[in-house]
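Student: Here are the chains, one letter per residue:
There are 4 protein chains.
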Amino acid sequence: MIAVLKKNTTEQQMSTLVDWLRAQNLDVHISQGHNYTVLGLIGDTSAIDMDLIASLDIVESVKRVSEPFKQCSRKFRPGDTVIDVGGVKIGGGHFAMIAGPCSVESREQIIEVAKSVKAAGATLLRGGAFKPRTSPYDFQGLKADGIELLLEAKKETGMPIVTEIMNAAHLPLFEHVDLIQVGARNMQNFELLKELGRTDKPILLKRGLANTIKELLMSAEYIMAGGNYRIILCERGIRTYETYTRNTLDLSAIPLLKELSHLPVVVDPSHATGNSKLVRPMALAGTASGADGLMIEVHNDPIHAACDGAQSLTPEQFAETATKVLQIRALLAE
Amino acid sequence: MIAVLKKNTTEQQMSTLVDWLRAQNLDVHISQGHNYTVLGLIGDTSAIDMDLIASLDIVESVKRVSEPFKQCSRKFRPGDTVIDVGGVKIGGGHFAMIAGPCSVESREQIIEVAKSVKAAGATLLRGGAFKPRTSPYDFQGLKADGIELLLEAKKETGMPIVTEIMNAAHLPLFEHVDLIQVGARNMQNFELLKELGRTDKPILLKRGLANTIKELLMSAEYIMAGGNYRIILCERGIRTYETYTRNTLDLSAIPLLKELSHLPVVVDPSHATGNSKLVRPMALAGTASGADGLMIEVHNDPIHAACDGAQSLTPEQFAETATKVLQIRALLAE
Amino acid sequence: MIAVLKKNTTEQQMSTLVDWLRAQNLDVHISQGHNYTVLGLIGDTSAIDMDLIASLDIVESVKRVSEPFKQCSRKFRPGDTVIDVGGVKIGGGHFAMIAGPCSVESREQIIEVAKSVKAAGATLLRGGAFKPRTSPYDFQGLKADGIELLLEAKKETGMPIVTEIMNAAHLPLFEHVDLIQVGARNMQNFELLKELGRTDKPILLKRGLANTIKELLMSAEYIMAGGNYRIILCERGIRTYETYTRNTLDLSAIPLLKELSHLPVVVDPSHATGNSKLVRPMALAGTASGADGLMIEVHNDPIHAACDGAQSLTPEQFAETATKVLQIRALLAE
Amino acid sequence: MIAVLKKNTTEQQMSTLVDWLRAQNLDVHISQGHNYTVLGLIGDTSAIDMDLIASLDIVESVKRVSEPFKQCSRKFRPGDTVIDVGGVKIGGGHFAMIAGPCSVESREQIIEVAKSVKAAGATLLRGGAFKPRTSPYDFQGLKADGIELLLEAKKETGMPIVTEIMNAAHLPLFEHVDLIQVGARNMQNFELLKELGRTDKPILLKRGLANTIKELLMSAEYIMAGGNYRIILCERGIRTYETYTRNTLDLSAIPLLKELSHLPVVVDPSHATGNSKLVRPMALAGTASGADGLMIEVHNDPIHAACDGAQSLTPEQFAETATKVLQIRALLAE
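Chains as they are written, first to last, in my numbering: chain P, 1 to 334; chain F, 1 to 334; chain R, 1 to 334; chain V, 1 to 334.
Bear in mind the hints are in silico, worked out from the structure with no lab data behind them.
Every residue, glycine too, gets a C-beta built ideally from N, C-alpha and C.
Incorrect hints may appear among the rest.
Stated by the list, open to error - Subject to a maximum C-alpha distance of 20 angstroms in a straight line, what follows is the list of computed SDA-like cross-link-like pairs (lysine to any residue):
no., chain 1, residue 1, chain 2, residue 2
1, P, Lys277, F, Lys324
2, P, Lys63, V, Ala169
3, V, Lys63, V, Pro78
4, R, Lys6, F, Thr199
5, V, Lys63, P, Glu60
6, R, Lys118, R, Gln71
7, F, Lys63, R, Ile30
8, R, Lys63, F, Met1
Unchecked claim - Using C-beta positions, here's what the derived DEER-type ranges look like:
no., chain 1, residue 1, chain 2, residue 2, range
9, R, Met50, F, Phe76, 42 to 52 angstroms
10, F, Asp301, R, Glu259, 49 to 59 angstroms
11, F, Pro172, P, Gly227, 21 to 31 angstroms
12, P, Pro78, R, Lys155, 24 to 34 angstroms
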């Protein structure tokens, strides 16, 4: 960590600060310039409150030189991490095609969608059982019954399943779930992350609507600090001033996350855009940006079919998109 | 709810949609113009997925006419709600002055700060016991011990206490806490909100970093839907592109929240700005904007004292600020 | 336009508003529901100040049903517009590969870069002569001399050139420039847009850092309203809270702009990311999202070469990227 | 400026960079740590492209230690600047109350509003003659005629006038205007700023919708670099994800700007909120935050009067607000 002191700092003020820093077990390397003094802080700076130092009157600015994330960093583990999800590999060249309905609604629905997305090339089945909704009066999902139905679809099709957890107390229900999703709103629910760190389940960690790339990696770090290294990161759009799309899909996060971390990264173009017409182009763009997988909403319900169009793709649209996605993957691998 | 259909919608498409809407128990009022058709949907539209309808190909746009929040709305309860927190009233003309350290660190610290902020006019004592930290390697608070120390400070000074909860499983530890804080990162931790709705404790609900005013009210609605009506809203800054301040304090949210809702609203200028020099002007501005209270960090530790300045105010700075705040309050009440 | 009136609006208030609206030459279609009254406003609503109506006490909300843009709308002209820039076609299946240095620095530099990007597949040469800089003390470009050097490079290589204009008074200097760029900071410099609307030059209009997709189209509309229909839109990143990248490239804007408008859309991955390592993946992603072209910074100067890396690509990196881009284009066209 | 080099930088790479920096007339002070090397760059770093250095592969990060602004900095001129606008002083304890209609519409209108705001305590008259509008089809103002009418209102009431300029070519029309406004959309129209720097007119510089506090000061610096030091800064709301208010008024910018700069700062609560009910509380809050003045829209037209409410205040609402504002000013000065 580097702290730049203001020009008019007195010797007395500086030595008070330096003594305090040394009492925190840091080596302090002082480099005096004409216009400012730079303190280089060496040692375990991760426990130091950067904001506290930055807020001192004599301090011009503070800068972390080393990244705050460790176990998820590519410096820590240079090779790509490959995650095995119920026999399906993700990362390190293995591409995940995750598809399924927004919510599990019935046995017929989930099995029909599962079969159709499998036929179209999907490798994992997604479906919401516990649904985070802005309003307490909105449909909150089928909950435990939804997970039961997903497990039936898994048995029927052989596809591993992914579904969202909202409460660590529900963990027993997720025993046979292959990949547990942490939704955007819970990305900094640190208590939930800690509990998931104590499991041996693969975790799909979605980026929060207002969270930075660094914060996403720090949330992965929370899970890893507990001993669970099987994490897949997911970009699903961030909140900006633009209102034409529901969120703004930040695709530059993909190559950046893959440079900073060894963890696999997937893209969810359905939630990001909230508009079925944008799902295909954003699925292709996400693939071209280097993602390790996609997560796409596919439905088969009649109101959509009748009126043609929704955030979800039809199975036919998904199949057509999946074909192009695999062609781009092949092209990148050349 | 109003749905505007596109110009080229066929009779067949429209009647499929109208039939489906009526099957959802809605009255549909059709008003046909030259360039578009407007469907007025009457009935309980709160259970209708607005995004689903908006995403249909034949739909130009959808608009909720009635607000999605109910019990927290001023339409539902026109008069100001007054919350009693351990004998201290907040709202409806009662102003709360909440002060204390960021984290509870020791018995001596919390009691010393409690005494000094009480002397300076504070009516509630704040102090962090469970701390949400971006990094798993940062200090996570004294936890249960921190709450014990707060309770000792309460006994010593008679001030009701407020501290943050991060996990519903910790609720038994909060039995004697007077006001339970839900932090910004947990504003949409719906499972936690539901649990708090089942308690009879006053809740201080902080606005999330990227949450809208509507979403803040919907989160209050989650707590109220469970039967707990004792909620105080808190503006503490939102995330924007500006980096000079830690967050951007959105003071226009204060009069807006007070127009939309009957719940009391307080302002936290310390976390919003992350800069002690901005705390006083933003405390005065928040008061002038019509807030029902302030929440201010006050410290007494030596590194701050030595180097003069931090996000926290010294007890002396707090006392001077509190005096001006009360003068502005008096002026507004004239 | 649709205006929803509040429940407690009196007959008297409503008729005052309706009379005023009719005095603005609008037909008013009143549709009274149980809970609200909807006014459908028919006629030329483009001159009506939506904010003024929305701000009236009796008005719950106002909504434009028709888009505010006209000539740039795909409803106005369904087929893709193809722009001819000095013999190079852009749009309607014609892909533009625009490359060159950030700033024109010398005769040798611009000619060398021009030759190398041409060899690598570039079809237009870019280079900054007038440079918008945040600081008045930063290098402001070679100005008129820079344009002269670009024209020499054009003569030498036969490539049409594109460079930025910052002041309508400079227009005479742009006589032989093939494509005039309006930079992000001037996207709403309406006086400049009006002047450009009176020329017959193709215009490359960059999206402002905080401008919506609608505002970008409205700025195109300013140019078109003057009679100049030769406009190419450019997505170059928007300003968000994320600080790891310089801006956030909004690739979902590409398919959206192409749905809303008939104008060609290109992507500038260099300025958006400010990081050479992200240029290639974002160039590929932009292509996969359906863009009609790319605009990429390419350099040849020694400090970059020596230290390997910058926002700009080397000619070799550009050539490698261009090859993949064209493969993705071919794949999309299948 | 400080550049932190990456751990694995070779001697050869470092000396190439150091030689290049020295060739730019900088002293380079090398301080080698265990984990990184810090280069302290001393000399005139304002001409150095920070992004270029930051983008080099061997560079971990770059940080300006000295602020990029000079003449507008409080370090350069510690005392408050007081600007004389047609005999009315602003800054250094002098508070400006600027009021008037959004647009000048007619002789009667502007003179009537001028008289009523003067009676209510306004010290300057505002009114739009050239109007920046998102749509080319919207009313663009009365232009030269509008300025003529403002000058008549000035003669009638003796109030100095402020109105917006959009084009340097219009400067002759502004000869008798007392304070020239640069609107938010033109804050980085550097060519306009340079022209205004060559005049001797006081300038009201509004913050752009997506511009940082630093960028606002750099735009002031553009004007000052030309020799015109008479600048008043104006906070008028920034663009965020919140849609309930038109923009988010960033009041923490007020004390921050006053700490960083000696220039006066005023607040425009009308444009920021777009909602007349929020104007009064935000005017009071802006005053309490330490602003040197306010800029408020006041109207007298019948549609507003009839339906009661708009972004503008009525003269009566303005008078009531002005009274409270002056009481808060008096209280802060105690």
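Student: Give a verdict on every hint.
Tutor: Comparing the hints with the structure gives:
Of the supplied pair hints, the one linking P:Lys277 and F:Lys324 is violated, its CA atoms being roughly 56 angstroms apart against a limit of 20 angstroms. With a C-alpha separation of about 45 angstroms, the suggested pairing of P:Lys63 with V:Ala169 is violated against the 20 angstroms cut-off. Of the supplied pair hints, the one linking V:Lys63 and V:Pro78 is violated, its CA atoms being roughly 25 angstroms apart against a limit of 20 angstroms. Taking the CA atoms of R:Lys6 and F:Thr199, the gap is about 36 angstroms. The hint is violated against a cut of 20 angstroms.
Proximity of V:Lys63 to P:Glu60 is assessed by CA-CA distance (about 11 angstroms); at most 20 angstroms being required, the pair is judged to hold. Restraint check: the Cα-Cα separation between R:Lys118 and R:Gln71 comes to about 34 angstroms, which exceeds 20 angstroms; the hinted pair is violated. Between F:Lys63 and R:Ile30, the direct Cα distance comes to roughly 18 angstroms. Compliance with the 20 angstroms bound is thereby established for this hinted pair. This hinted pair checks out: R:Lys63 and F:Met1 have alpha carbons roughly 13 angstroms apart, not beyond 20 angstroms.
A hinted range of 42 to 52 angstroms is violated for the C-beta pair R:Met50 and F:Phe76, which are about 29 angstroms apart. In this structure, F:Asp301 and R:Glu259 meet the distance hint of 49 to 59 angstroms, their C-beta atoms being roughly 58 angstroms apart. Checked against the given bound of 21 to 31 angstroms, the beta carbons of F:Pro172 and P:Gly227, roughly 27 angstroms apart, stay inside it. Evaluation of the 24 to 34 angstroms hint for P:Pro78 and R:Lys155 yields a failure: the beta carbon distance comes to about 49 angstroms.
Hints 1, 2, 3, 4, 6, 9 and 12 from the earlier list are contradicted by this structure; the remaining hints agree with it.
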